[in-house]
Each structure stands twice: as structure tokens, then as C-alpha cells.
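Chains as they are written, first to last, in my numbering: chain F, 1 to 374; chain S, 375 to 471.
For the record, the hints were derived by calculation from the structure and aren't laboratory data.
Just so it is clear, CB atoms sit at the ideal spot from N, CA and C, and this is done for glycine as well.
Treat each hint with caution, since some may be false.
Unchecked claim - Not the full set, but computed from the structure, chain S residues with beta-carbon under 8 angstroms of chain F:
id	residue
1	Trp398
2	Asn413
3	Gly416
Stated by the list, open to error - Now the in silico label distances, taken between C-beta atoms and shown as ranges:
id	chain 1	residue 1	chain 2	residue 2	range
4	S	Lys434	F	Gly166	49 to 59 angstroms
5	S	Arg441	F	Glu281	12 to 22 angstroms
6	F	Arg325	S	Gly462	16 to 26 angstroms
7	S	Arg441	F	Phe246	44 to 54 angstroms
8	S	Asp453	F	Asp126	50 to 60 angstroms
Claimed, not checked - Sample of chain S residues lacking proximity to chain F, with all beta carbon distances greater than 12 angstroms (derived):
id	residue
9	Val390
10	Leu391
11	Ile400
12	Asn408
13	Glu430
14	Lys435
15	Arg437
16	Ser439
17	Glu445
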Amino acid sequence: MAEKKEDRRFSLNQIYFYLTEGCNLRCRHCWIAPKYQSENNSYPSLSSELFRAIIKQAKPLGLSGVKLTGGEPLLHPQIHEILEEIRVHDLRLTVETNGVLCTEGLAQKMAACKNPFVAVSLDAADAETHEWVRGVSGSFEAAKEGLRNLVEADLRPQVIMTIMPGNKDQMEAVVHLAELLGCGSVKFNILQPIARGEKMHEEGQTLGIEELVEVGEWVENVLSSSTNLRLYYSHPLAFRPLSRMFGDKGDGCGVCGILGILGVLADGSYALCGIGETVPELILGHAAKDDLEDVWDRAPVLQELREGLPQRLEGICGQCLMQSRCLGNCIAENYYRSQSLWAPFWFCEETHKRGLFPGSRLALQRSRSGIASQ
Amino acid sequence: MGVAEKDKPIANPLIVLREEFDDWAILFDPDTGNAVGLNPVGVFIWKLLDGSHTAEDILKKLRESCRNVPEEVEDHLQDFIQSLVERGLAGYEAKKA
Chain F
1 MAEKKEDRRF
11 SLNQIYFYLT
21 EGCNLRCRHC
31 WIAPKYQSEN
41 NSYPSLSSEL
51 FRAIIKQAKP
61 LGLSGVKLTG
71 GEPLLHPQIH
81 EILEEIRVHD
91 LRLTVETNGV
101 LCTEGLAQKM
111 AACKNPFVAV
121 SLDAADAETH
131 EWVRGVSGSF
141 EAAKEGLRNL
151 VEADLRPQVI
161 MTIMPGNKDQ
171 MEAVVHLAEL
181 LGCGSVKFNI
191 LQPIARGEKM
201 HEEGQTLGIE
211 ELVEVGEWVE
221 NVLSSSTNLR
231 LYYSHPLAFR
241 PLSRMFGDKG
251 DGCGVCGILG
261 ILGVLADGSY
271 ALCGIGETVP
281 ELILGHAAKD
291 DLEDVWDRAP
301 VLQELREGLP
311 QRLEGICGQC
321 LMQSRCLGNC
331 IAENYYRSQS
341 LWAPFWFCEE
351 THKRGLFPGS
361 RLALQRSRSG
371 IASQ
Chain S
375 MGVAEKDKPI
385 ANPLIVLREE
395 FDDWAILFDP
405 DTGNAVGLNP
415 VGVFIWKLLD
425 GSHTAEDILK
435 KLRESCRNVP
445 EEVEDHLQDF
455 IQSLVERGLA
465 GYEAKKA
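Just chain F, same shape as in the assembly (with noise of 0.2 angstroms):
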């Protein structure tokens, strides 16, 4: 029997699986910061029961894609299991993992679900400098075979690179290995201010707003043209050139899923993201206890946001033309940095204070004088 589809205002379109508490690397930049799981020790992870009532659950509420990450999602030891549920289920797949454990029979398995989506850390293109951000040796060849095991199974993974002082050089190397490898698209990701990358911020080991402006614009207008791969930068809506999006080899200008999108923790709990390992406010229920039709409907935080986006959204993000695209950028980090769901997301705050936020996306346009205009 078809399941019935209610109709509903926000359906839950993606859920995003948190499936450990452990991962393998221990990467210096971490935004989750989980714990370092080696041959010696586990922790938990969510129960494949708890998954599959989860989805049960969630399919009449309008559910049609599931984001697997962790931790380490292939770390899970019923990952097979969770996969063929998600495959009976036709549910898309998207995920993230660090590669280390793709082995051909699960990079099969994850060819096998409905348009499967599979994004692979590679933070540069030699063992010294991955191995220094990812913390473990051995791990940039393992890494590399689990990309071609996702060839081999026909899928064209995105490479995912966090770009800091340390490997920023070696960009334009990794869109070259990841074109030799066969990959679809490189993305490269700002390192954000969370957990051991706020650490990290708070130590000077990250790049400067400025030169993450600059870089941003060489991605977007020099080393694009430069592969047929799709190149992906991290940066707000507003650093994106419209040529970028809409233009012939654009790739869209989507709006931010927040709305339709709940975290699942490795513990059972419901959150707005990830960001509930901690945040501890921003846990919405529990999977164990809490019927998941109630918590999406009735969240007190979703309500909110509901409400509130994106007209709500404060300082350079409540003055911004593609806020209702942009939604904040990132509720959950702009919460964990202030506790309020409406603040600003940082880094367009930075450029903006040093007068590098674009002015023609702006809804009032400050001029040399200082005088606003629109």
C-alpha cells in the first residue's frame, strides 16, 4: 500500500543522519568534534531499529532524501543494513564520510539507492599535508581508494576540501588529482568557527576574512574555467557571482534547505543539525520517546524559525538581497556563536565591517561619503 502524504506546510524533506559518536580521523578542524575511534575503542552509535522506525515515521511527513555523515557514517557497524533500508525505501542518499572505509562492496551499495550523492574530505593532494589535518596516517591512500572505489561503482563523488594556511596552496592540486581520480566536483569549504575550528580561529590558524574573500573570487572567476569539474566554494549566497548561478554553466542559486530538514544524533536525539552534539538546546526530542509527527509539527525552535525567516534575520543578514534565499547562511552556527537564532551569520559580519560585503547586494548601498543609498 502507498503511504499516505499529508498535506502539510514544511514537510520533512531530508533527514540528516549523525550515525556516530566516534570517528576514525581526528581532524584538527572538526565543527562536530567527535571521539577518536581506533581498533582499541567504539562508541555508540544509532541503532539500526531506531533508524528504520525513524524513517517509518518520517516517510508520511513527506520525507524523500536522507544525508548520511557522522562522525564516520561508514564506521557504522550496521552501515549495510542502513543503506538497504534506505535503498527499499527509494529514498535519495546523500553522504559525507572521509573515505577511509569506502570499500567497493559499500560504494556498490550506495551506487544502488536512488540518486546517490557521495562527498569525500580530501584536504590536499599529498599524505604529509592531509594526514596533518585529518591526524592519522595512512589515511590520504585510503582515502583515495575509497574515491575510486565510488568510480568503479559509477557514482562521481564530489571531493570536499577545508582550505586553511596549511593547504591552501595546494587547491589547484587537488582539483587535478580530483579530475585524475574521476570525481564529478570539487567543493571547498570555509573553515567554519565550531567546536575545534573555533579553536582553531581563536589561535590565528585560519585564513583572514580578507583572504578568504580573495581566494572565494579566484575559485569563482579564475580556477573555474580552468577544469570541467564543477567547483564549489563555501561562501555565502551574496559572494556568489550570478553568472555562477544562473548562466549557462550555472549551478542554481538554491534556497537553503533549513526548513525541511531535521538532524537525527547517533544517540536518537532530534535536533536542528548536528550542532545539538553541543548545543544542547537546539535537541528538539528524542527518537526512543518522542513521536517524530510532534516534534516536527509543534519544535518549539522550528515554529520559530518558521516564523521568523527570513524577516527576522539581524544586522548585515536583515539588510541583504538574497537573505530569502540565504536564510541566515547557517541558522545553527549563527546560534551557536550567539544564542539567538536570528544573528548574523559571521562571516559575511567580518567582510562587511571591513567594507568587502558586496554593495550591490545589499539592500541599501553605502557610498564613499558614508551616506546610504539604495
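Dock chain S against chain F, hints included.
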């Protein structure tokens, strides 16, 4: 239906055109905060919506100024102006009684 010969579309004077470095631009309505992206051809057309050019005039200028103009350009132009009118971004001068 071809482009109207006599109507001279005019841009809503309250709408702000924000041109960017790559020749694309944003049309911004300060009253509503709504913003719409325009490609370089859209910007070219927008600048001719001054109440003194008919759609046919604009078509002629497009053919003179742009390369690889597609055969269906007349329909595209008509659709584009129509979409601007429907969004309240452009209109036609009211005819005198």
C-alpha cells in the same frame, strides 16, 4: 503573437538596477525587498525600457549589438517584457483618453 509595434514599455522608476562586475545585475524593489537577477542581455533590454523604444526598436538594437542572436529572439523578448510587467517591474504609459 509578435512584439507590439506601438507600445513603448517603461521600467518602473522605483526599481533599482544594481550592475555587477560580470555584466549581470540585480533588479531590486526597495519597497518589498524583492530582488531579481538579470543576465547581460536582460540588462541591455532593461536600459531600453525608457518609454521611447517600442519592443520592435529593442529587437532591432539587440540584433545590431549582440552576436548569435537566436531565431526565437522575438518570442523571448516578448516573454521577458511580459514577465517584467507581471512582476510590476515595468509597464506601459497610460494612454490619454
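query = What are the numbers of the hints that this structure violates, sorted from low to high?
reply = Hint check: 3, 5, 7, 9, 10, 11, 12 fail, others pass.
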